[in-house]
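S.K.: Top to bottom, those sequences are chains A and B.
Counting along the first sequence from 1, when you hit position 46 you're at 167 in our numbering, and nothing is skipped either side.
Counting along the second sequence from 1, when you hit position 359 you're at 1113 in our numbering, and nothing is skipped either side.
The calculated label-pair distances, taken between Cβ atoms and stated as ranges, are:
| hint | chain 1 | residue 1 | chain 2 | residue 2 | range |
| --- | --- | --- | --- | --- | --- |
| 1 | B | 761 | A | 175 | 48 to 54 Å |
| 2 | A | 386 | B | 761 | 49 to 55 Å |
| 3 | B | 866 | A | 331 | 53 to 59 Å |
| 4 | A | 331 | B | 880 | 37 to 43 Å |
Calculated directly from the structure, the hints in this document are not laboratory data.
Keep in mind that this is a model prediction, so the values were computed, not measured.
Every residue gets a Cβ at the ideal spot worked out from N, C-alpha and C, and that includes glycine.
Residue strings, one per chain:
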Amino acid sequence: MTTPAYLAMRRSLSVQDKLLDFNWPLILAICVIACIGFAMLYSVAGGHFSPWASKQMLRFCVGLVLLTAAALVDIRVWMALAYPFYAICLLLLVAVEAFGHVGLGAQRWIELGPVQIQPSELMKIALILALARYLHGLGVEDVSKPLRLFVPLAMIALPAALVLMQPNLGTATILIMDGASLLFLAGLSWWWILPTLGLVAAAVPIAWQFLHDYQKRRVLTFLNPQNDALGAGWNISQAEIAIGSGGITGKGFLQGTQSQLNFLPEKETDFIFTSVGEEFGLLGCIALLLLFATVIGYGVRIAMSSRSQFGRLVALGLTLNFFFYIMINGAMVMGLIPVVGIPMPLLSYGGTALLTVMFGFGILMSVHVHRLTEIPRHSGIIL
Amino acid sequence: MPLFDPKDQSRYAAFTRRTLMVSGGMTAVFAVLAGRLYQLEVLEGDQFKTRSEENRVSERLVAPPRGRIHDRFGIELANNRQNFRVLLIPEQAASSVRVAVDEIGRLIYLSDRQREHVLREANQNKPFVPLIVAENLSWEDFSRLNLHVPYLGGVQPDVGQTRAYPFAQDLAHVLGYVGAVSSEEQAEDSDPLLTLPGFRTGKRGIEKAYESEVRGKAGVSRVEVNAYGRVVRELSREPSEAGADIYLTIDQNLQKFVMQRLGQESAATAVMDTSNGDVLALGSTPSFDPNLFNIGVSTAQWKAWMADDHTPLINKTIGGLYPPGSTIKPAMALAALDAGLENLHVHCSGAITLGNHEFHCWKRTGHGAVDLHRGIIVSCDVFFYEVARRLGIDRIEAAAHALGLGKQTGIELPGEKAGVVPGRAWKEAHYGVPWQQGETLVTGIGQGYLNVTPLQLCTMVARIASGNAVSPRLVRVVGGEAQSRVDLPRLPYSDRALTAVRSGMDGVTNTPGGTAFAWRIPVPGFEMAGKTGTAQVRVISREEHRAGVRKNQSLPWKLRDHAVFIAFAPVSLPRYACAVLVEHGGLPEHPQVQMARDILLYAQQRDPLKLPTAYPLRAATKGGAPKRA
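All chains, please: the whole structure from these sequences, using the hints.
M.R.: The structure is reproduced here in structure tokens:
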């Protein structure tokens, strides 16, 4: 009996077993997307590996190692680490608030020696793990009980509030969406969901008052980009021009004038997708979206095949987190929503975001590898 | 531990349902994104392609070379010379702009003002915009800079073009000069060239009058630029169209002589071809160097010009108004001859009385018996008082107009004054009181309201000499096209009258006793005929007469009379007309007559009208083409 099911029941898989059981098509899809990212970084640098593509490739290699390492860790260990990890991330968020590095007008980094840590990125994974850990112990009927609901809501609200104070509206929004989707997947009653959605809709005008000036400007600019075509509207209109001018087949690799002539700000980070649109056109964009959809599809399959509630919630939570990035960034560069600082996963230049995404895929892979591992509801794992 | 936890079964079912919903939601979002991509890239793709192209391509104007201005023989009077400049690109400077400027300052002279200007510009512009550190460098300075360029970061020697006037002062008043574009010009003229930094337009003279012809058409260089406006490369170039070249009627050789002959006097002169009005020389002194306006006039220089009572910046030939004095007398005589006064004899006792006012002759002792011929020769005021009285102001006015006074001559220069020929209607309109007969008498000797420009005087003498209503003109050819001219009408006076007047003017210079006999041209065949004049600047009062203040030379310069002389030559077959006015030059040695004598002698000996002109290559098609021997 050397089937995975048998081995899972033995609850001890060798490293070799685990590696063999990796979801290699998923890793292939991730690598293909990352390579498209390298190509775009090479292109926006005017056909040079420096300064972005070469660094990003190195980081991706580190990310692959991280993915593998995280995938090899037993899912129960992840479960055991969920709360401490969450606690550490929360502390880091407080630390960032207290003595963080101010970058791009917001406090987002903390420097630990040579490493810059962006706790808000790690927090997304920590929140998913911790919420899954908590919800793992609840039956469907328990989730909707007010007293039970209080704890996960607090777990979401605390980091979201801290991130909002940085201020980083985009990440806070993703944190809330991550948390809400886990509650939804755990079977939260519609009696909770629908009124909350109604309340949120009603609260929008009030929330508006609390937005920072730059956030308000972004929203107003979004509603009417021509209003400020050379100022805040510049990003949106130039991004639309870049994508739109690509047409069906695009201008060709390295032929994107918008990005190479610097009409696009942050072309290598948040607006990298526009270069895909400009150089490879509609066909390239659709192909890229299909690759993303493939990754998401594998994520959903992994979630569905997990035998533990923790595994399912973590897998789908991480998949949704990945999806939210794509959705927000895509909609933003196409002018569907206001500009928020959310990168396109695997494509955008940036270390923390890439490593975090790879780390997330590592845990997803861990769920996949340990999909047959059953964890009792009251497993008693305490660290 | 059981493999099947019933509670987990229900959770799994719920999870599956919700996962399906979430997957459906994600699919919907992907569909929206794909739809938006379809909208942007397919439906609106063309529009965005255009906008992307507009983003990328910038059109830069290329300044055309300004049309050159030549004299009648093709000598360049205004051309474009190379302008050696040194540019500094701040972002390429080794350390800072200040250090770079200091380094340049060690190689060539830079004033504090220049340094400050560069530093100010550097702060206002983007770091890749080249700044002009110094212009109009000498070849030595420019070579020295070029030698050091490899060691100077961001320093770029550059050769531009700038307007140059090789004969400087000689033609300042004819050519005018170019200067920076004014905001008024930009408002009136939509030519995009005017927006080019450093572009110059004509401010005065021919440069201004023929601005649209000599400017040329802008070329366009289509360049690829990045978002900061930095040029990445040139995509295509449509060359500029050079401005039209202009050929003037001026003979630079004669012009130079005229300017030298006028010297430092505050004087004006015009030399004209009597047959067609071609202006061969047009001098106004003192002059100025028009190149200075291109390089930049210093405040001190400007103040000096403004303070100079010889008014160097005013073109006195067309912009100065003076009473013609006795030079009006040939015109009076012409009118008189055809009005039946050819046999008029007047006894000059030194004054005549009209009503209770006494009108004096310039010669207090009187001229005795004077007829028209002698009246011109000795310039007898009393005779012309009588002529004026008999003619009446209306016929005097008509004669003055017929000879080109009282209105612009139409010379192709901006700022020409019309002058004043008074008459009944004019007096009524300007003063609201009727004309007085005494004013007729004063007008008869060229005083009173009468005001003319030296060019009008030259026109008048050219008309008398030719019998045709010639008008002065300066421009022969523009852009290879000979300028058409109207046929010259005859003057409304008989040949007999014209001959008599010319004979009188011949007597002025060539008969002993004539007012200009002492300064005649003694060279046979080159004799000139003329008429002297003195334009009173102020009336010498009776008290001053008694106190002995009668001679001009005893008065301060500013109060002396203007000295006027009109002449044509040669007497036998007039070809050259000339008028000279010397401000406050009313001296016994008649400097204006001496100048006219030298100028006319030089002109005849050189005889530019006999020399073949450089143009036209093509004969004018409209009107009468100039015919020359």
